[in-house]
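The listed protein sequences correspond, in order, to chains A and B. The first sequence begins at 1 in our numbering and counts up by one. The second sequence begins at 1001 in our numbering and counts up by one.
Please keep in mind that the hints were generated in silico from the structure rather than gathered at the bench. Check each hint, because a few of them may be wrong.
As the list claims (entries may be wrong) - Here are the simulated lysine to any residue pairs, SDA-like style, with alpha carbons at most 20 angstroms apart:
| id | chain 1 | residue 1 | chain 2 | residue 2 |
| --- | --- | --- | --- | --- |
| 1 | B | 1103 | B | 1201 |
| 2 | B | 1197 | A | 12 |
| 3 | A | 530 | B | 1032 |
| 4 | A | 425 | A | 506 |
| 5 | B | 1113 | B | 1096 |
| 6 | A | 433 | A | 316 |
| 7 | A | 433 | A | 475 |
| 8 | B | 1130 | B | 1201 |
| 9 | A | 549 | B | 1147 |
| 10 | B | 1103 | B | 1211 |
| 11 | B | 1197 | A | 200 |
| 12 | A | 530 | B | 1016 |
| 13 | B | 1024 | A | 216 |
| 14 | B | 1103 | B | 1085 |
| 15 | B | 1024 | A | 200 |
| 16 | B | 1197 | A | 354 |
| 17 | B | 1039 | A | 216 |
| 18 | A | 425 | A | 518 |
| 19 | A | 549 | B | 1020 |
| 20 | B | 1024 | A | 529 |
| 21 | A | 203 | B | 1032 |
| 22 | A | 549 | B | 1025 |
| 23 | B | 1110 | B | 1128 |
| 24 | A | 3 | A | 506 |
Residue-level listing of the chains:
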Amino acid sequence: MSKSYFDETHCAFGHPKSTFMQWMLTIDHKRIGIMYAVVMFTFFFVAVAAALTMRFELFAPGQQFIEAHTFNQAFTLHGVVMVFLFIIPGIPAVFGNIVMPLMIGAKDVSFPRLNWFTFWLYIVGCIVALSSLFNFSIADGSLTFNFADTGWTFYAPYSLNTDTNVVSTLVAAFILGMASILTGLNFLVTIHRLRAPGMDFFKMPLFVWGIYATAWIQLLATPVVGITLVLALLEKYFGIGIFDPAKGGDPVLFQHLFWIYSHPAVYLMILPAFGIMSEIIPAFSRREIFGYRTIALSSAAIAGVGYLVWGHHLFTSGMSDLAKIIFSFLTFFVAIPTGIKFYDWIATMYKGKIVLDTPMLWALGTIITFAIGGLSGVTIAMIGADIHLQDTYYTIAHFHYAMLGGVVFLFFAGIHYWFPLVFGKMYSEAKAKFAFYTLFIGFNLLWFPMFIAGYYGMPRRYFDYLPEFQIYHQISFWGAIIFVSGLIYMFYVLIQGIRNGKPTTPNPWNATTLEWHLPSSPPPLENHTKVPYVDFRPYEYHHGQPVVKFDENMKRID
Amino acid sequence: MAHDSHEHDAHVYVPEIAIDRDGKEHVVQGWQGDYEGGKLGFWLFMLTEVLMFGAMFMVLTYYFTLHHQDFINASAGLNRVLGGVNTVVLLFSALTMGLGLLKMRSGDVKGAKLMIWATMLLAAVFLGVKAVEWTAEYHHGIFLGLDALQSGNEHSKPFGEILFFGMYFTMTGLHGFHIIIGIGLMLWLLKRINSGKVTPEHNILHFNIALYWDLVHLIWVFVFPYFYMIGAGDIAGGVIHGH
Chain A
1 MSKSYFDETH
11 CAFGHPKSTF
21 MQWMLTIDHK
31 RIGIMYAVVM
41 FTFFFVAVAA
51 ALTMRFELFA
61 PGQQFIEAHT
71 FNQAFTLHGV
81 VMVFLFIIPG
91 IPAVFGNIVM
101 PLMIGAKDVS
111 FPRLNWFTFW
121 LYIVGCIVAL
131 SSLFNFSIAD
141 GSLTFNFADT
151 GWTFYAPYSL
161 NTDTNVVSTL
171 VAAFILGMAS
181 ILTGLNFLVT
191 IHRLRAPGMD
201 FFKMPLFVWG
211 IYATAWIQLL
221 ATPVVGITLV
231 LALLEKYFGI
241 GIFDPAKGGD
251 PVLFQHLFWI
261 YSHPAVYLMI
271 LPAFGIMSEI
281 IPAFSRREIF
291 GYRTIALSSA
301 AIAGVGYLVW
311 GHHLFTSGMS
321 DLAKIIFSFL
331 TFFVAIPTGI
341 KFYDWIATMY
351 KGKIVLDTPM
361 LWALGTIITF
371 AIGGLSGVTI
381 AMIGADIHLQ
391 DTYYTIAHFH
401 YAMLGGVVFL
411 FFAGIHYWFP
421 LVFGKMYSEA
431 KAKFAFYTLF
441 IGFNLLWFPM
451 FIAGYYGMPR
461 RYFDYLPEFQ
471 IYHQISFWGA
481 IIFVSGLIYM
491 FYVLIQGIRN
501 GKPTTPNPWN
511 ATTLEWHLPS
521 SPPPLENHTK
531 VPYVDFRPYE
541 YHHGQPVVKF
551 DENMKRID
Chain B
1001 MAHDSHEHDA
1011 HVYVPEIAID
1021 RDGKEHVVQG
1031 WQGDYEGGKL
1041 GFWLFMLTEV
1051 LMFGAMFMVL
1061 TYYFTLHHQD
1071 FINASAGLNR
1081 VLGGVNTVVL
1091 LFSALTMGLG
1101 LLKMRSGDVK
1111 GAKLMIWATM
1121 LLAAVFLGVK
1131 AVEWTAEYHH
1141 GIFLGLDALQ
1151 SGNEHSKPFG
1161 EILFFGMYFT
1171 MTGLHGFHII
1181 IGIGLMLWLL
1191 KRINSGKVTP
1201 EHNILHFNIA
1211 LYWDLVHLIW
1221 VFVFPYFYMI
1231 GAGDIAGGVI
1241 HGH
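Same shape as in the complex, but just chain B (with noise of 0.2 angstroms):
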C-alpha cells in the first residue's frame, strides 16, 4: 500500500516547480516517493486498528463491570507461566524488529535481514506457545463450541465465564492472526530487500511493518493484563472477594 509507490519505472518522479506572481519558485509535493506521506497513511490505519480492538476491550470492561467476580475466577484458570512467556518472546520481538530498521538506516543490509528473521522466529515461538495453551484449554473441557460455554447444560460455566472466554478466544485470536499477518508482511519484506526495492534510502517499507509489529505488541501489552492477571490476585489470596 502505502509504500512501494516510488520505485515503478512507469512511474518516475520529476520533481516539480510551481512559480508565483512574484517569480518565486516553489516545490511541488507528488505523490511519488513522499516518505512523510507513506508514514502518515500507516499511522492512520494503526488508528483503525486501535478503534477496532479498543472496540473490543469496550465490550470486555462492561462485562467486567457487571461479572466481576466470575471474571476474577475464570481469569485465575489461564496459565500465566506460558502467557508471561509469551509476553516476553513479544517484547523480545519488538526489540529484534526495531534493532532491524535501525540497522538497516545505518547501511546494515545484513544485519537487518537478520534481525528480521530473528523476529520471525520469535514471532512463531509465540504461536507456538499458544498453541499450547489453547490445546490444554481444549482438553480441559473449555473451548468455544465445548458445552463449558454454552447455556443450559451441566458442564455449563457461569455467565461471566462464558463471557469472558469468549472474549478470550476472540480477542487471542485475532491477536495471533495479526502476528501471523505480520510474519507474512516480514517475509515479503526480506523479499523485498532482496530484489532490492528495499534499501536504506528507501526504507518506508520496513518503516511500517516495523510500526506494525509495535502495535500488535503493545495490543497484547494490553491483552495480557486484562485476561491473564486480574485473577492472579486469587493464588496469592490479595483480592477481597465480593466487590
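With the rest of the complex left out, here is chain A (with noise of 0.2 angstroms):
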C-alpha cells in the first residue's frame, strides 16, 4: 500500500523521529487541518457545555444552580468560545487547509512554514483565552471565577469598569485575530498563485470562491477590531480616554469599531460554508450547478456589502435617524446575493438525480433552518421592528438559526462530505443519518420557542425571567438535551468511523472537483502524482456521470 499523509510529513524545522513531534512540528495543509478541527471542537463542547449550564439554570424563574454574576461569566464563555476559538477560525482552517489547496491542484498553501506559525499562534490564543478560568478563589465556601463577564462584546465603558479578568481574553481575541488574519493571508496568495495550469477564477471550485471571499474579509476586517481591542486595553490601564465618557470618550465609537469588524465576521464564518453547499448539492445531485457565475460573484457581493452594514447593531445605542436609514436599507441588500445562491442550489436539484447520502441531508436540513435564520435577519433589519426585538430572545433565535443552523451544520455536513476523503475510511451511514435527525430535532426545538419568548419580550442575557415566559424556556431545555445527545452521538459514530470504518475508493461519492481524484486515500503527503491541466468546469456531469475523467499521470483520457 502506497503511503498516506499519516505515514510521513514535513516539519517546519529538524525531522523529529518521534511521531508526536512530527505532528507538533508538520507543515502538511491536510495535518494543520486536522489539528485544527480536534482542538476547535474540544473548545466546541466546553462552549456547549457552558450554554447547556444556563439552560438549566434558566429551566424555571428564580435562582437554580448557578449565580447571575456566574451566569454573566458563562454567557461570556459560551460567546467568547465559540465566536474566538470554534467558529472564526471554523472551516477556513479546518477545510480550507485540507482542501482547499487539494481543489486547486497545489501540493500545500503557499507559505507552510507560516501555516504552522498560524496553528500555534492559534494555540496561544486559546490558552491566554482560557487562562482566567484557572484564576478563581474560594472564599466562604463558595467558589469564585474571575472569568470575564462582559459578554463576547466588551461593550465600553462596562468592560473598562468590570474587576473581572477581562485583560486576558481581549488578548487572547487579538491573537486569535492575528491568527485569523495570517490564515486569510496565506488563502490568498495560495489561490492567487497556486492554481493549477489552465484554472482561471471561474474554473475554480465553489468552495475555493467561498475560502477567497472570506480571506478578504479576514485580511480586511480584522485589523480593525484588533486595534480596537488594542485601545479598549490602553484605555481600561492607561486611561487614554477614547471610550471613556468621563474624560469626552465616546462609548458608542467602541460599539462602531467593535462591528465594523464583527459583522463582517458572520459573512466570514457563512461564506465558506456556504462554498460547502455548492459542493455538495451538484456532487449529490449528480448535475452541473446551476448558475455558476452567480453564486461565485454573490460570495464576492456579500463580503463587499457585508462590509457596509455594521451600523444595524447600533439602532438603539444611539445614532442619527438618517444613519439608521441607510444601514438598514443596506442590510436588506444582503439579502439578494444570498438569495441568489438559495434559488441556485434548488434549482441544481431540480431534474437532478438526488442520492440522500449524510453530508445531502445535512445540506438540505440547512436550506430550511438557514432559511429561517436568513429571513429572520431581514425581518430585524428593518428599524422599527428592530428597536422591539433589539437584545430579545428573537435575536439570539435569528443569530443561532443563522449561525448554528447555517454554519455549524454545513460544518458538519462538510465533516460528513470529505470524512472519507481525510481518513480514508467510512462512518457508518445509516447512524450518521439517525444523527442527523436528532440534531435537526432537537435544534428546531431548542432555537425556535425562542423566536416566540423574544418576540414577546425575553431579554436576551438575563439569568431570570417572568413566568410566563417558562413554558418557552422549558422547551428549549428539552430541545437542548435532544440536541446535546444528538451531537455526543455524531462524533462518537464519526470516531467509530475513523477506528474501524470500512476503507474507501478515492472517490466514493462520484463528485467531480480534483479533491477525489487523488492517487489513492487517504492522500499521499504532496496530494495528486501529478497536476492536472484544467480546462474544464468544476461540476461537468452527463446523464448523472462525471465528465471529466484522468489516468494514473493526471492526464485527462475522454
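Grab the two chains, each in its own frame, and use the hints to assemble them into the complex.
As C-alpha cells, this is what we get:
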C-alpha cells in the first residue's frame, strides 16, 4: 500500500523521529487542518457545556444552580469560545486547509511554515483566552471565578469598569485575530499563485470562491477589531480616554469599531459554509451546478456589501436617523446575493438524480434552518421592528439559526462529505443519518421557541425571567437535551468511523472536483501525483456521471 | 513567514509540468521559491497595518471634529523641532534601506549590509529622540496616568486635550513599537545574509523588510503632521480660532 500523509510529513524544522513531534512540527496542510479540527471541537464542547449550564439555570424562574454573576460569566465564556476559538477559525482553518489546496491542484498552501506558525499562534490565543478560567478563588465555601463577565462583545464602558479578568480575554481575541489574518493572507496568496495550469478564477470550485471571499474579509476587517481591542486595553489600564465618557470619550465609538469587524465576521463564517453547500448540492444531485458565476460573484458581493452594514447593531445605541435608514437599507441588500445562491442550489436539484446520503441530508436541512435564520435577519434589519426586538431572544434565535443552523450545520455537512477523503474510511451511513435527524429535531425544538419568547419580550442575557416565559424555556431545555445527545452521538459515530470504518476508494461520492482525483485514499503527502491541466468546469456531469476522467498521470482521457 | 520557504533542504523544489489534452506542456507554479507569491503575501500584510493605523486615524479625525480647538491647543504644545528632526531621520533611513536593497540586487552584499547597519543606526536615533520627547512631556506632567490626563481633578486638561494626548501616546507608541520590531527584523536579516540564506538571487526577505520599513516611515509621514503640525499655526498666528 502506498504511503499516505499519516505515514510521513514535512516538518517546520528538523526531522524528529517521534510521531508526536512530527505532528507538532508538521507543515502539511492536511495535518494542520486535522489538528485545528481536534482543538476547535474540543473547545466547541466546552462552549456547549457553558450553554447547557445556562439552559439548566433557566429551566425555572429564579435562581436554581448558579449565581447571577456566574451566569454572566457563563454566557461570556460561551460567546468568547464559540466566536473566537471555534467559528471564526471555523471552516477555513479546517477545510480551507485540508481541501482548498487539493481543489486547486496545489501541493500545499503558499506559506506552509507560516501556516504552522499560525496554528500555534491560535493555540497560544486559546490558552490565553481560557487562562482566567483557572484564576478562581474559594471564599466562604463558594467558588468565585474571575472570568470576564462582559459578553463576547466587550462593550465599553462596562468592560472598562468590571473587576473581572477582561485583559486576558481581550489579549486572546487580539492574538486569535492575528491568526485569522495570517490564515486569510496565506489562502489569498495560495489561490492567486498556486492554481493548477489552466484553472482560471471561473474554473475554481465554489468552495474555493467561498474561501477566497472569506480571506479578504479576514484580511481587511480583522485589523480594525484588533486595534479596537488594543485601544480598549490601553483605555482600561492607561486611561487614554477615548471610550471613557468621563474624559470626553465616546463609548458608542467602541461599538462602531467593534462591529465594523464583527459584522463582516459573520459573513466570514457563512461564506465558506455556502461554499460547502455548493460542493455538496451538485455532487449529490449528479448535475452541474446552476448559475456557477452568480454563486461565485454573490460570495464576493456578500463580502463587499457585508462590510457596509455594521450600523444595524447600533439601532438602539444612539445614531442619527439618516444613518439608521442607510444601514437598514444596505442590510436588506445582503439578502439579494444570499437569495440568488439559494435559488441556484434549488435549481441545481431540479431534475437531478438526488442521492440522500448524509452530507446531502445536512445540506438540505440547512436550506430550511438557514432560510429561517436568514429571513428572520431581514425582519430585524427593519428599524421599527428592531427597536422592539433588539437584545431579545428573537435576535438570539435568529443568530443561532444563521450560525448554528447555517455555519455549523454546513460544517457538519462538510465533515461527512470529506470524511472519506481525509481518513480513507467511511462512517456508518445509517447511524450518521440518525444523528442528523436527532440534531435537526433537537435544534428546532431548542431555538424556535426563542423566536416567540423574544417576540413577547424575553430579553437576552437575563439570569431570571417572568413566569409567563417558562414554557418557552422548558421546551428549549428539552430541545437542548436532544441536541446535545445528538451531538455526542454524531461524534461517536464519526470516531467509530475513524477507528474501524470500511476503507473507501478515492472518489466514493462520484464527485467531480480535483480533491476526488487523488491517487490513493487517504491522500499521499504531496497530494496529486501530477498536477492536471484544467480545461474543464468544476461540476461537469452527463447523465448522472462525471464527465472528466484522468489517467494515472492526471492527464485527461475522455 | 513569506521569505524563507525556498532554502530548506528537505523541500528542494523540482519544477513540475502539466500536460493538456493536446500534449502541450504547462509549467506548474509551486510554493517553493515563489518570489511573486512572497511579495504578494507581504503586500497583503502591509494592508492590514494600513487598516490598523487607519482605524486609529479615523478615531483621531472623529475627535478632532468634536474638539477642534482643544486639539490645536494641545498640538501647539508639542516639540516641533524634535518631531521634525525625527521625520528627517526616518526619511533618511528609508533612503538607506532602499539603497541597501539596490546594492543587494546588484550583487554588492557588503554594501547592502553597511546600508542595513546605517538604517538601524538611524532607527536608534529616532527612538532616542522619541525618548527625550516623552521624558520632557512626562516632566511637564503630561503622560498617560498622570493627573493632567485624568478627569475631575484640578490639573485635568479639557476633554479634547486629554483625547489628543491619549491618541498621541497610543499612536506614537505603537509606531515606536514598529520601529523596534523593524530593528529586530534587520538584525535577523543580517544574520540570514551572513549565513548565505539571503543572497542577491534570493532577496525576498530583504525586499519585504524594506517594504515594511517603507510603510513604517510612511505612517510617520501621516502621524507627524496630524499631531505636530495642526497646532503650528498658533505660533505663527496664522490660525483663526473658533471654527
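Evaluated hints:
1. Restraint check for residue 1103(B) and residue 1201(B): the C-alpha separation of about 12 angstroms stays at or below 20 angstroms, so the hint holds.
2. Restraint check for residue 1197(B) and residue 12(A): satisfied, since their Cα atoms lie roughly 16 angstroms apart, inside the 20 angstroms limit.
3. With a C-alpha separation of about 16 angstroms, the suggested pairing of residue 530(A) with residue 1032(B) holds against the 20 angstroms cut-off.
4. Proposed proximity of residue 425(A) and residue 506(A) is supported: the alpha carbons are some 10 angstroms apart, at most 20 angstroms.
5. As the CA atoms of residue 1113(B) and residue 1096(B) are separated by approximately 10 angstroms, the hinted pair is consistent with the 20 angstroms bound.
6. Our distance criterion of 20 angstroms between C-alpha atoms is broken by residue 433(A) and residue 316(A), whose separation comes to about 43 angstroms.
7. For a cut-off of 20 angstroms, the pair hint linking residue 433(A) to residue 475(A) is broken: about 24 angstroms separates their Cα positions.
8. Only pairs whose Cα atoms come within 20 angstroms are accepted, and residue 1130(B) paired with residue 1201(B) is rejected, the gap being roughly 37 angstroms.
9. Simply put, residue 549(A) and residue 1147(B) have alpha-carbon atoms about 75 angstroms apart, too far for the 20 angstroms limit, and the pair is violated.
10. Between residue 1103(B) and residue 1211(B), the direct Cα distance comes to roughly 15 angstroms. Compliance with the 20 angstroms bound is thereby established for this hinted pair.
11. In summary, the hint linking residue 1197(B) to residue 200(A) is not supported, as the alpha carbons are separated by about 34 angstroms, beyond the 20 angstroms threshold.
12. For the suggested pair residue 530(A) and residue 1016(B), the alpha carbons sit about 8 angstroms apart, so the restraint of at most 20 angstroms is met.
13. Between residue 1024(B) and residue 216(A) the alpha-carbon distance is near 34 angstroms, which puts this suggested pair outside the 20 angstroms criterion.
14. A hinted pair counts as satisfied when its Cα atoms are at most 20 angstroms apart, and residue 1103(B) with residue 1085(B) does not qualify at roughly 27 angstroms.
15. For the hint pairing residue 1024(B) with residue 200(A), the CA-to-CA distance comes to about 17 angstroms; that is within 20 angstroms, so the pair holds.
16. Proximity of residue 1197(B) to residue 354(A) is assessed by CA-CA distance (about 55 angstroms); at most 20 angstroms being required, the pair is judged violated.
17. With a CA separation close to 17 angstroms, the supplied pair residue 1039(B) and residue 216(A) stays within the 20 angstroms bound.
18. With a CA separation close to 15 angstroms, the supplied pair residue 425(A) and residue 518(A) stays within the 20 angstroms bound.
19. Pair hint residue 549(A) plus residue 1020(B) holds up; C-alpha atoms about 13 angstroms apart against a cutoff of 20 angstroms.
20. Of the supplied pair hints, the one linking residue 1024(B) and residue 529(A) holds, its CA atoms being roughly 18 angstroms apart against a limit of 20 angstroms.
21. Between residue 203(A) and residue 1032(B), the direct Cα distance comes to roughly 24 angstroms. Violation of the 20 angstroms bound is thereby established for this hinted pair.
22. At most 20 angstroms may separate the alpha-carbon atoms for a hinted pair to count; residue 549(A) and residue 1025(B) meet this at roughly 19 angstroms.
23. With a CA separation close to 27 angstroms, the supplied pair residue 1110(B) and residue 1128(B) exceeds the 20 angstroms bound.
24. With a C-alpha separation of about 14 angstroms, the suggested pair residue 3(A) and residue 506(A) falls inside the 20 angstroms cut-off, and the hint holds.
Consistency note: the structure conflicts with the earlier hints numbered 6, 7, 8, 9, 11, 13, 14, 16, 21, 23.
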